[in-house]
Each structure stands twice: as C-alpha cells, then as structure tokens.
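Taken in order, these protein sequences are the chains called W, Z and L.
Residues 1 to 135, numbered by our numbering, are exactly what the first sequence covers, in order.
Residues 136 to 270, numbered by our numbering, are exactly what the second sequence covers, in order.
Residues 271 to 405, numbered by our numbering, are exactly what the third sequence covers, in order.
Do not rely on the hints blindly, as some may be mistaken.
[As the list claims (entries may be wrong)] With a Cα cut of at most 20 Å, we get these calculated EDC-like pairs of lysine to aspartate or glutamate: (1) W:74 <-> L:326; (2) W:74 <-> L:280; (3) Z:209 <-> W:56; (4) Z:209 <-> W:10; (5) L:344 <-> Z:193; (6) L:344 <-> Z:191; (7) W:74 <-> L:328; (8) L:344 <-> Z:203; (9) Z:209 <-> W:58.
[Stated by the list, open to error] To spell it out: a stretch of chain Z is covered by chain W in this simulated footprint if at least three of its residues, at any positions, have a beta carbon under 8 Å from a beta carbon of chain W; those stretches are: (10) 157 to 163; (11) 166 to 174; (12) 177 to 189; (13) 212 to 219; (14) 243 to 257.
[Stated by the list, open to error] Beta-carbon label-pair distances, calculated as ranges: (15) W:103 <-> Z:169: 19 to 29 Å; (16) W:68 <-> Z:164: 37 to 47 Å; (17) L:304 <-> W:22: 24 to 34 Å; (18) Z:168 <-> L:373: 20 to 30 Å; (19) W:111 <-> Z:169: 27 to 37 Å; (20) Z:164 <-> L:275: 44 to 54 Å; (21) W:76 <-> L:378: 27 to 37 Å; (22) W:61 <-> Z:169: 21 to 31 Å; (23) L:378 <-> W:68: 35 to 45 Å; (24) Z:161 <-> W:74: 33 to 43 Å; (25) L:345 <-> W:68: 38 to 48 Å.
Hints are computed from structural coordinates only; laboratory data are not their basis.
The C-beta atom is built at its ideal place from N, Cα and C for all residues, glycine as well.
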Amino acid sequence: MAASRRLRVETQSRTQFVPLAARIRAEAGALLSGDGLLHVSVPHTTAGVCVNEGYDPDVMADVGRVLERLVPWKADYRHAEGNSAAHVKTILVGSSVSLPVRGGAIELGQWQEIFLCEFDGPRSRTVIVTMAASP
Amino acid sequence: MAASRRLRVETQSRTQFVPLAARIRAEAGALLSGDGLLHVSVPHTTAGVCVNEGYDPDVMADVGRVLERLVPWKADYRHAEGNSAAHVKTILVGSSVSLPVRGGAIELGQWQEIFLCEFDGPRSRTVIVTMAASP
Amino acid sequence: MAASRRLRVETQSRTQFVPLAARIRAEAGALLSGDGLLHVSVPHTTAGVCVNEGYDPDVMADVGRVLERLVPWKADYRHAEGNSAAHVKTILVGSSVSLPVRGGAIELGQWQEIFLCEFDGPRSRTVIVTMAASP
Chain W
1 MAASRRLRVE
11 TQSRTQFVPL
21 AARIRAEAGA
31 LLSGDGLLHV
41 SVPHTTAGVC
51 VNEGYDPDVM
61 ADVGRVLERL
71 VPWKADYRHA
81 EGNSAAHVKT
91 ILVGSSVSLP
101 VRGGAIELGQ
111 WQEIFLCEFD
121 GPRSRTVIVT
131 MAASP
Chain Z
136 MAASRRLRVE
146 TQSRTQFVPL
156 AARIRAEAGA
166 LLSGDGLLHV
176 SVPHTTAGVC
186 VNEGYDPDVM
196 ADVGRVLERL
206 VPWKADYRHA
216 EGNSAAHVKT
226 ILVGSSVSLP
236 VRGGAIELGQ
246 WQEIFLCEFD
256 GPRSRTVIVT
266 MAASP
Chain L
271 MAASRRLRVE
281 TQSRTQFVPL
291 AARIRAEAGA
301 LLSGDGLLHV
311 SVPHTTAGVC
321 VNEGYDPDVM
331 ADVGRVLERL
341 VPWKADYRHA
351 EGNSAAHVKT
361 ILVGSSVSLP
371 VRGGAIELGQ
381 WQEIFLCEFD
391 GPRSRTVIVT
401 MAASP
C-alpha cells in the first residue's frame, strides 16, 4: 500500500477555500487505518492548507477579507511576478495541517473542515495526503 | 495502549493562553515512549495551539494584544455569530503543533511552552494529544 | 539509528530566512528512508520555520517587510526584553513544518524551500530534524 495519495483541485478565483475532508475520505481512505496522524499538504508557494469552520461559509469569507486587508494584493512589493501577497498569506496560514486519526477515522471536530487555501488562483493545485503511524 | 489522550481545559476569559506541557506529561505521559513526534491539537475552530515563551507571561500578553490589533473583535464581519475574529486568529496561530520526542521526552527548548490559545472564551475546550513513531 | 538530527545555524541579521533543504539532505539524510513525514523544528521562541519560495529571494524579502509592517519592532509592548515582535512573528509563522517523504525523498514542490526564520538575530540557532514513519 502506498503511504500517500495525491488529489487534484481546480480553483476558480484568486482567493478560494476548497473543502477537502470528503474528498480525502473518498480518494485517500485506504491510508486511514489504525491510529496516527493524517498530514495534508500542498507542494505550492501561493496556496496553503488550514482547518477551520466548514458549516457557515461566511466564516471563511471573513477570513479571506481579513487576510486581504492585512496583506493587500497591491503594495510596495519587489517580487517581479506581482503575487507576493499570496506568498505571505500562504506563510501565515501554513502549507500543511496534521490531524489525529483514531481507528481509521479523522478526528475532526464537529465544526472543523480541512481547506485548501487558494491565494493566487485560478490554478490547478495538488494536495498530498500522507499518514504517519502511532507506535 | 491507546495512541491518543484527551485533556479538558476550562478557560476563563475571551483571550487566554493556557500552558499545557506539564499536564501533557502528567496525563498523557504514557504516550511518550521512544522516538517520534508529539502532536497536540484542538477539535475547535475558535481556539488554537501554539508554542512560545512560557517564562515571562508578558510575552503571551503582548501576543494577545498584537493579534487583537490586527484582527479586532468588532469589524465589518458577515458571520452572524459575531466571533469571526476568533476564527481568523485560530487560522493565524494554527489548530495544532508537533514537537520532537526523543527517548520518551518532549524536546521543548529552554523557554518553550505549549499553549492552548483561547480566542472566544470562556469555554470548555478539548486538547487531543497523539504520538507518531519514528521508523 | 538515531531518529533525529540537530543542525546549527548562525544568523547574521535581525530578520533572515536561511534555506535548510540542502543541509537537511546532507546532514540528516540518514533519517530519510522509506515513507513518512519529515519534521523540521526549532527549540526557540524568537525564530520559526516555514516553507515557501526559494527561487527568487525577493519573495522572502517581501515576506520580511510585510511581517515588519504588521508587527513593528517598536510598539507598546510590555515584555521587558524588547523583542516581543520576534515572539509574535514566530507564532504567526510557526515553530515547525512537516513535509511528506516518499521513498526516502522529501516531497518539496518545484519552488518550495524550507526556511529557518530568524526574527531576533544575529544568533546561534538549532534546527531539529525528525522523521515519523508511515504505517
């Protein structure tokens, strides 16, 4: 059995938060056995991964607006590609999350969802799902 | 042996940083054997976990004030529950931390402490402690 | 085989982002076998670790300037040591990162680099590299 799976996500806008938990269970469920840690990461530098509320979409919309206020798209950046704000937001949010797995189930809280955080879309993104085992 | 333990933390104020290392050693010490990673997470969306200085409480008090300045409690948020600031702060801080374990001991630096970061208290919070093994 | 390695990094300025991937492969390569997670952490409270673009140094220079704008070195801090900004930046960036390892290779994206994030240099810093195994 391979120890990791890759998912493909196509984003539609510059800033977008794409729920991943259902897809991880469906497409990487074979990894989720026993106890350990589920690791969800992206090999990108202008998109990240976070865990937060998946119930009311206004929450992540507010998150996107606060991040845009803190790190505006246009400012006095030197990076010639023009997307420095997306790099900064990715560092603030992080490039991966880890979650406990118990008896093959991801221990997500009642309101928690795993999000791919797109900050420089639309793009085609890769999500890497890896499992680490408890002793 | 179970691969994870749950701790209960009762917070007293809206923003509060609760030290966890001593409680993890006392209540989840059975997990800490051999080499690997200690994972400390919360199943919540308005509280997070971080590692920083545990010696001078002024440090985390300053952290709380800077976060409040960057993400004020009252602003133009859409989320009807009124606690969007707590969600944003949780994403900035993160919902989990991982630390090396060597010979059954958490490799915390001299000044490091593990904190539950309450951003929407007072509440009753759960901390999940999980161990992953080195090869 | 030990499950972790320590690297020493001497920083030269207050804010500095030091690439680590080549040094990890050279000095901790013995840890990188099979499948699992690579964990890179620091035992410090005024330096962190992040993953972002290693190709154009203007990216991390922009990151450093945005963090300085959000969390200025001088402000109304109480912590007597005067480096509260470095503590806050460390919490925003995080004290560790985890990356997938597959067949002994770190799964870094094409533009990704692992950085020690110095926020209170120059100092002598320690980086701890740990491996956790997939089931």
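Hints and how they fare:
1. W:74 <-> L:326: 19 Å, holds
2. W:74 <-> L:280: Roughly 34 Å between the alpha carbons, so the hint for residue 74 of chain W and residue 280 of chain L is violated.
3. Z:209 <-> W:56: Cα-Cα ~19 Å, so holds.
4. Z:209 <-> W:10: 34 Å, violated
5. L:344 <-> Z:193: 15 Å, holds
6. L:344 <-> Z:191: At roughly 19 Å apart (the allowed maximum being 20 Å), residue 191 of chain Z and residue 344 of chain L satisfy the hint.
7. W:74 <-> L:328: Satisfied, since the Cα-Cα distance of roughly 15 Å is no more than 20 Å.
8. L:344 <-> Z:203: 17 Å, holds
9. Z:209 <-> W:58: 15 Å, holds
10. 157 to 163: violated (count 0)
11. 166 to 174: holds (count 5)
12. 177 to 189: holds (count 4)
13. 212 to 219: holds (count 6)
14. 243 to 257: violated (count 0)
15. W:103 <-> Z:169: 19 to 29 Å: 22 Å, holds
16. W:68 <-> Z:164: 37 to 47 Å: For residue 68 of chain W and residue 164 of chain Z the Cβ distance comes to about 44 Å; the hint holds.
17. L:304 <-> W:22: 24 to 34 Å: 29 Å Cβ-Cβ, so the 24 to 34 Å window holds.
18. Z:168 <-> L:373: 20 to 30 Å: Given range 20 to 30 Å: holds, Cβ gap about 28 Å.
19. W:111 <-> Z:169: 27 to 37 Å: Taking Cβ atoms as reference, residue 111 of chain W and residue 169 of chain Z lie about 34 Å apart, which means the hint holds.
20. Z:164 <-> L:275: 44 to 54 Å: With a Cβ separation near 25 Å, residue 164 of chain Z and residue 275 of chain L fall outside 44 to 54 Å, so the hint is violated.
21. W:76 <-> L:378: 27 to 37 Å: Check passed, 29 Å falls within 27 to 37 Å.
22. W:61 <-> Z:169: 21 to 31 Å: 44 Å, violated
23. L:378 <-> W:68: 35 to 45 Å: 28 Å, violated
24. Z:161 <-> W:74: 33 to 43 Å: 51 Å, violated
25. L:345 <-> W:68: 38 to 48 Å: With a Cβ separation near 23 Å, residue 345 of chain L and residue 68 of chain W fall outside 38 to 48 Å, so the hint is violated.
In the structure shown, a violation is registered for the earlier hints numbered 2, 4, 10, 14, 20, 22, 23, 24, 25, in ascending order.
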